[in-house]
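Participant: Sequence:
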Amino acid sequence: MSNRRAATVKVHPLALLNISDHVTRVCYADQSVGAVRGFLIGYSDGADITITNSFQCVTDEVVCAQHACTRIRQYAEIFPNASPVGWYSVGPGGPPSQEAHTFMEGIVGGEDGGESLVALVVRSDNESAWLSKESETLPIQAFERGVDGSFIELNVRICMDDEAENIAVGHVTKNAKQASTAGTYEHLVEPTIGAIAMLNKKIESLLEYVNAVQRQEVEVSRPLLRSISAICDRLTAMSQAGGDATALRAHWDEVVEDCMAVALAAEGTANVAEFCAALDRRRIAARAPKALQMDL
1 MSNRRAATVK
11 VHPLALLNIS
21 DHVTRVCYAD
31 QSVGAVRGFL
41 IGYSDGADIT
51 ITNSFQCVTD
61 EVVCAQHACT
71 RIRQYAEIFP
81 NASPVGWYSV
91 GPGGPPSQEA
101 HTFMEGIVGG
111 EDGGESLVAL
121 VVRSDNESAW
131 LSKESETLPI
141 QAFERGVDGS
151 FIELNVRICM
161 DDEAENIAVG
171 HVTKNAKQAS
181 TAGTYEHLVE
191 PTIGAIAMLN
201 KKIESLLEYV
211 NAVQRQEVEV
221 SRPLLRSISA
231 ICDRLTAMSQ
241 AGGDATALRA
251 HWDEVVEDCM
261 AVALAAEGTA
271 NVAEFCAALD
281 RRRIAARAPK
291 ALQMDL
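The numbers in the UniProt record's numbering rise by one with no breaks, and the one at position 65 of the sequence shown is 65.
For the record, the hints were derived by calculation from the structure and aren't laboratory data.
The beta carbon of each residue, even a glycine, is placed where N, CA and C say it ideally should be.
Please note: incorrect hints may appear among the correct ones.
Ranges between beta-carbon positions, derived for each pair [what the hints assert, rightly or not]:
no., residue 1, residue 2, range
1, 210, 106, 25 to 31 angstroms
2, 106, 280, 55 to 61 angstroms
3, 202, 74, 33 to 39 angstroms
4, 29, 148, 36 to 42 angstroms
5, 150, 58, 38 to 44 angstroms
6, 28, 61, 45 to 51 angstroms
7, 74, 266, 41 to 47 angstroms
8, 218, 25, 50 to 56 angstroms
9, 218, 43, 32 to 38 angstroms
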C-alpha cells in the first residue's frame with residue numbers, strides 16, 4: 001500500500017450516523033460484520049471528496065446491484081449534484097480486498113472510465129486506542145485505488161462547515177460520563193450558550209462593517225445599512241436593555257435559574273427511582289428464604 005496522499009475525505013455526521021446504525025443493527029442481530037456494506041453519496045471537487053449521505057446494501061450480490069442502482073437513481077433525481085463517491089465496509093484495519101472493491105465499483109460503473117470509488121473502512125479490531133471512550137480519533141480509514149492497483153490511504157475528517165451544525169453536533173456528542181447534576185445543567189444550558197455565541201459572532205461581523213464604513217475603508221451601501229438597522233431593531237432584548245444591557249442579563253439569569261431547577265428535578269427523580277429499585281431488590285431478597293422453606 002502506498003503512503004497517505006494529501007487529498008482529504010470529508011465525512012458528514014449524517015453519513016457517520018447511518019453507518020453506525022447499520023453496524024449496530026447487524027451486531028444486535030448476531031450477524032457477521034462482514035455483511036456490513038453500503039454506498040457513500042456525495043461530491044468531489046477534483047481533489048477533496050465530501051461524503052454527505054450513505055445507504056446500506058443487501059447481502060445478495062444480484063439483488064445488491066439492482067437495489068443500489070435504484071437508490072442511486074432516486075438520489076440523483078432529488079440531489080442532481082450528488083453521486084456515488086465510495087462505499088463502506090467493516091474490517092480489522094487496512095484496505096479492503098481487491099475483489100470487493102472491484103465488485104462495488106462495477107455496480108456504479110467505476111471501471112468504465114468514471115472516477116474510482118473511495119473505500120471507507122470502519123475498524124473492528126480490539127485496539128484500545130480505537131475503542132477507548134477518551135479517544136477523539138474516529139475508527140475509520142479511507143482508501144483510494146491508484147493507477148498501479150495498490151490502495152492509497154487518504155486523510156479523513158468530519159465535515160462541519162456550518163456553524164449551527166457545529167453546535168448541534170457538539171451538543172449530541174457530549175461525553176456521557178458527565179451525567180451528573182452539573183452535567184445535566186450543562187446539557188440544558190449548552191444549546192443556549194452556543195446560540196448566543198453564534199449570534200455574537202454575527203453581530204461582530206456587522207459591527208466590523210459599520211466601523212469600516214465610518215473609517216471610509218469600504219464603499220457605503222445604503223440598503224445594507226438599512227438592513228443592519230432593521231436587525232438591531234428586531235433584537236428587542238438589546239433595544240430594551242439600554243447601555244448596560246440589564247434586560248439581556250436578566251433574561252439570561254432567568255434561563256440559568258430555569259435550567260438549574262430542571263437539572264435538580266431530574267437528579268431528584270433519578271435518585272427516587274434508584275431508591276425504589278433498591279427497595280424492590282430488598283423485598284425480593286427478603287422473600288426468597290421463605291419461598292425456599294415452603295418448597296422444602
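Participant: Hints first: check each against the structure and report whether it holds.
Facilitator: Hints, one by one, checked against the model:
no. : hint                           : in the structure
1   : 210 to 106: 25 to 31 angstroms : 58 angstroms, violated
2   : 106 to 280: 55 to 61 angstroms : 59 angstroms, holds
3   : 202 to 74: 33 to 39 angstroms  : 37 angstroms, holds
4   : 29 to 148: 36 to 42 angstroms  : 39 angstroms, holds
5   : 150 to 58: 38 to 44 angstroms  : 30 angstroms, violated
6   : 28 to 61: 45 to 51 angstroms   : 24 angstroms, violated
7   : 74 to 266: 41 to 47 angstroms  : 42 angstroms, holds
8   : 218 to 25: 50 to 56 angstroms  : 55 angstroms, holds
9   : 218 to 43: 32 to 38 angstroms  : 34 angstroms, holds
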